[in-house]
Structures are given as C-alpha cells and as structure tokens.
Amino acid sequence: MNKEKAKGLLNLFLCMLKIGVVAFGGGYAIVALLETELITRRKWVTHDDFMDMVGIAESTPGPIATNTATFVGYRLYGVLGSVAATVGVCLPAFILMYIVSVFYNMFKEIAIVSAAFKGIQICVIYLIASAGFRMFKKLKKNTFAWIVLTLTFCCMILSSLFEWNISTLVYVFTSAVAGFVCYMLGIVKEEQK
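Numbering (this note's numbering), first residue to last: 4 to 196.
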C-alpha cells in the first residue's frame, strides 16, 4: 500500500470517527452528518452518488448510517476503505455503550443524565427533519413526491400522538410498492406518448 492511499484511509477513518463521536440518534441523524461532511465539506462523493448509496443502504440489512459509511468507504478505497469507514463510524458508539453498560445502574438514577438525553432527542428530531428536507429539495417535484411527503408527515405525527408501534418493515414494504407502482405508471405514460 502506498503512502497516499494509507493517508487517505486514515483521513477516511478519522472523518467517520468524528461523525460517530458527534452523532446521536443513529440512522438518519448520522446520514445528515455524512451528507454535510462527504458532499459539502470534503467533496468525496456527488449528491447523486450519495443518494444512491443511501437508497441501497436502506434496502440492505443493518443500520442505514453504518451501511452508508461502508458504501462510501468502498467507493473511495475499496474493501480497506469500507472497513476503515465502518470501524470509524461504529467505534465511538461501541465504546460509549460499553461504558454505559458497565455503569448502567449508576447512570439510570441520575436526573441530569436523563434530562441530557431528553435534550439530545430534540436535536435528533431536528437532524432527521433537516436531512429529509434537504434531500426532498433536491428531488424532482411531482404529484407522487408531494403525496409521499404528506403521507409520511401525517404518519409520523399520528404515530407519535397515538404511540402506534408499527414495524419498520411495513414502511419499507409500503414504500417499495408505492415506488414500483409509480415506476410502472411512468413507463405506461412513456409508452402512450
């Protein structure tokens, strides 16, 4: 391995480590940070490539943020890049969870820790919403996109208000069917022209 590739792998690892350290809330919250860091700041991937990676990450087993980091690492430096990115983004959470598990009984009784996590939840909601809006702004605006946005927003509000416990698989399957139907209708419209 040459020095330039080793330096690139180290930079990738440190970038993902930084994201793993500052990211609370998992999933889409980390995707928002990945988007800012990888597209805007470092320009390692294009927005279209990133959206493709997020789409693939959503449809593969495992956490979306970890999968996205893995795909970015692979795109940049192959297998070693995927390992560096995955370890970098997961290591802080692993260390934190290990420490919390060791001292769990002491932490759960501390009011300030409980209050801190409630404050972090608000930040997570903001991160997820801002990532969603940024991604939506870059999509083609059509009737289907507006319908999906409205239905998703309504489902989020209703599930929060009534504490519905709906499996993520229901959302994934419903979205897949809706996307397939939209795609097929698009093909039918093109064939009729």
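A portion of the hints provided could be inaccurate.
[Unchecked claim] 25 Å max Cα-Cα, derived SDA-like pairs, lysine to any residue:
id, residue 1, residue 2
1, 121, 103
2, 140, 187
3, 46, 132
4, 144, 78
5, 21, 78
6, 140, 10
7, 141, 154
8, 141, 39
9, 8, 39
10, 46, 185
11, 46, 36
12, 141, 121
13, 144, 159
14, 21, 77
15, 21, 31
16, 143, 67
17, 10, 78
18, 140, 109
19, 143, 131
20, 21, 123
21, 144, 121
22, 144, 51
23, 140, 52
24, 140, 54
25, 144, 123
26, 141, 94
27, 21, 59
28, 141, 55
29, 143, 48
30, 121, 179
31, 10, 31
[Unchecked claim] Pair ranges (Cβ atoms, derived):
id, residue 1, residue 2, range
32, 6, 167, 50 to 56 Å
33, 150, 114, 40 to 46 Å
34, 136, 109, 36 to 42 Å
35, 173, 116, 16 to 22 Å
Hints are computed from structural coordinates only; laboratory data are not their basis.
Think of the CB as a built atom: it goes at the ideal place given N, C-alpha and C, for glycine as much as any other residue.
Taking the hints in turn, this is what the structure says about them:
| no. | hint | in the structure |
| --- | --- | --- |
| 1 | 121 with 103 | 17 Å, holds |
| 2 | 140 with 187 | 24 Å, holds |
| 3 | 46 with 132 | 23 Å, holds |
| 4 | 144 with 78 | 29 Å, violated |
| 5 | 21 with 78 | 19 Å, holds |
| 6 | 140 with 10 | 35 Å, violated |
| 7 | 141 with 154 | 19 Å, holds |
| 8 | 141 with 39 | 14 Å, holds |
| 9 | 8 with 39 | 23 Å, holds |
| 10 | 46 with 185 | 32 Å, violated |
| 11 | 46 with 36 | 13 Å, holds |
| 12 | 141 with 121 | 31 Å, violated |
| 13 | 144 with 159 | 21 Å, holds |
| 14 | 21 with 77 | 18 Å, holds |
| 15 | 21 with 31 | 16 Å, holds |
| 16 | 143 with 67 | 23 Å, holds |
| 17 | 10 with 78 | 16 Å, holds |
| 18 | 140 with 109 | 44 Å, violated |
| 19 | 143 with 131 | 20 Å, holds |
| 20 | 21 with 123 | 17 Å, holds |
| 21 | 144 with 121 | 35 Å, violated |
| 22 | 144 with 51 | 16 Å, holds |
| 23 | 140 with 52 | 16 Å, holds |
| 24 | 140 with 54 | 13 Å, holds |
| 25 | 144 with 123 | 32 Å, violated |
| 26 | 141 with 94 | 32 Å, violated |
| 27 | 21 with 59 | 23 Å, holds |
| 28 | 141 with 55 | 13 Å, holds |
| 29 | 143 with 48 | 20 Å, holds |
| 30 | 121 with 179 | 33 Å, violated |
| 31 | 10 with 31 | 28 Å, violated |
| 32 | 6 with 167: 50 to 56 Å | 54 Å, holds |
| 33 | 150 with 114: 40 to 46 Å | 44 Å, holds |
| 34 | 136 with 109: 36 to 42 Å | 39 Å, holds |
| 35 | 173 with 116: 16 to 22 Å | 33 Å, violated |
Checked against the numbered hints above, the structure violates hints 4, 6, 10, 12, 18, 21, 25, 26, 30, 31 and 35; every other hint is satisfied.
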